[in-house]
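**Q** Sequence:
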Amino acid sequence: MNEFNLNQIRFFKSFIIFALVTLAISLIIMNSSSQKFRVSEIEHSMENQLAMESLDLLYGKSIWFIDENSFEQIYEDNPDIKNLNITKRLPNKLIISFDLYQQLANIIDLRASVETYTVLYENSYIVSTPTIVNTLPIVKIENGPVESGFNGELISLFKTLDNYQYTKQSLQIKYDGEAFNAYYGKTTFQLGEAVDLGKKASILGTYLSDNSCDGTVRFLTSVSTIEDCT
Numbered sequence: 000m001n002e003f004n005l006n007q008i009r010f011f012k013s014f015i016i017f018a019l020v021t022l023a024i025s026l027i028i029m030n031s032s033s034q035k036f037r038v039s040e041i042e043h044s045m046e047n048q049l050a051m052e053s054l055d056l057l058y059g060k061s062i063w064f065i066d067e068n069s070f071e072q073i074y075e076d077n078p079d080i081k082n083l084n085i086t087k088r089l090p091n092k093l094i095i096s097f098d099l100y101q102q103l104a105n106i107i108d109l110r111a112s113v114e115t116y117t118v119l120y121e122n123s124y125i126v127s128t129p130t131i132v133n134t135l136p137i138v139k140i141e142n143g144p145v146e147s148g149f150n151g152e153l154i155s156l157f158k159t160l161d162n163y164q165y166t167k168q169s170l171q172i173k174y175d176g177e178a179f180n181a182y183y184g185k186t187t188f189q190l191g192e193a194v195d196l197g198k199k200a201s202i203l204g205t206y207l208s209d210n211s212c213d214g215t216v217r218f219l220t221s222v223s224t225i226e227d228c229t
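Residue numbers (numbering that gives the first Met the number 0): 0 to 229.
Hints are computed from structural coordinates only; laboratory data are not their basis.
In this text the structure is predicted, and so the values were computed from the model without any measurement.
Even for Gly, the Cβ is constructed at its ideal location relative to N, Cα and C.
Hints are supplied without guarantee of correctness; some may be wrong.
To be verified - 30 angstroms max Cα-Cα, derived BS3-like pairs, lysine-lysine:
(1) Lys12 x Lys35
(2) Lys12 x Lys60
(3) Lys198 x Lys185
(4) Lys35 x Lys60
(5) Lys139 x Lys198
(6) Lys60 x Lys81
(7) Lys81 x Lys92
(8) Lys87 x Lys139
(9) Lys198 x Lys81
(10) Lys81 x Lys158
(11) Lys167 x Lys139
(12) Lys139 x Lys173
(13) Lys81 x Lys167
As the list claims (entries may be wrong) - Pair by pair, the computed Cβ-Cβ distance ranges are:
(14) Asp175 x Gln101: 23 to 29 angstroms
(15) Asp66 x Arg217: 53 to 59 angstroms
(16) Ser147 x Ser211: 35 to 41 angstroms
(17) Pro90 x Phe17: 27 to 33 angstroms
Please model the entire structure based on the sequences and the hints provided.
**A** Dropping the structure here:
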């Protein structure tokens, strides 16, 4: 095959590639600008649980350009969202599912003249509530001040307790400004200061799941206790 024929073949291949790329780009531009492929329907299952107003900003946008970056405002409005999943049902429908951070405990603050209720999440997010969530443990702050890292210690405590079987709503913890006492059934657990609560929870969880002590368990350190059980 002579040089002229080789050059023709190369030119033809280059032309085919150029034509295909041009066609693909043209189709993308046509689809992205087409009214047929613009979002007109959004389906989700969190109607009354989350602030969803910013979803309205997605209506009319090209469905091809919708990705997780399109939901930045949703994340800002709802700190309890861990992540979301987007399903595109062509030509114009979005289906959104949400994974939320875990609610860990009710916190009742008794230090003011009017007690306040909040819910602590695993990502340190705290939201005010009119009353307690009946399925969660209760932490009562009776005196203060509360040191920095207080919520982090509580998160470590409850995340560790998740490894054990116990009735969450039956656990009540009180903080008097210096130390924690936990109450479960007929047992009082003197946990001590807000230090190493994650380690203490490993021992506490065993007691809670066994529920075999009626009396008092005092923590000498984060890994040792003395019992006065009947």
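**Q** Decide, hint by hint, whether the structure agrees.
**A** Right, here's what the structure says about each hint:
1. Lys12 x Lys35: Given that 30 angstroms is the threshold and the Cα spacing comes to 34 angstroms, the pair is violated.
2. Lys12 x Lys60: Violated - the C-alpha atoms of Lys60 and Lys12 are around 37 angstroms apart, more than 30 angstroms.
3. Lys198 x Lys185: holds (23 angstroms)
4. Lys35 x Lys60: holds (11 angstroms)
5. Lys139 x Lys198: OK: Lys139 and Lys198 at ~21 angstroms, within 30 angstroms.
6. Lys60 x Lys81: holds (25 angstroms)
7. Lys81 x Lys92: holds (23 angstroms)
8. Lys87 x Lys139: violated (45 angstroms)
9. Lys198 x Lys81: holds (26 angstroms)
10. Lys81 x Lys158: holds (16 angstroms)
11. Lys167 x Lys139: holds (15 angstroms)
12. Lys139 x Lys173: holds (5 angstroms)
13. Lys81 x Lys167: holds (23 angstroms)
14. Asp175 x Gln101: 23 to 29 angstroms: holds (27 angstroms)
15. Asp66 x Arg217: 53 to 59 angstroms: holds (54 angstroms)
16. Ser147 x Ser211: 35 to 41 angstroms: With a Cβ separation near 36 angstroms, Ser147 and Ser211 satisfy 35 to 41 angstroms, so the hint holds.
17. Pro90 x Phe17: 27 to 33 angstroms: Holds, at about 29 angstroms.
Hint compliance for this structure: hints 1, 2, 8 are not met, and every other hint is.
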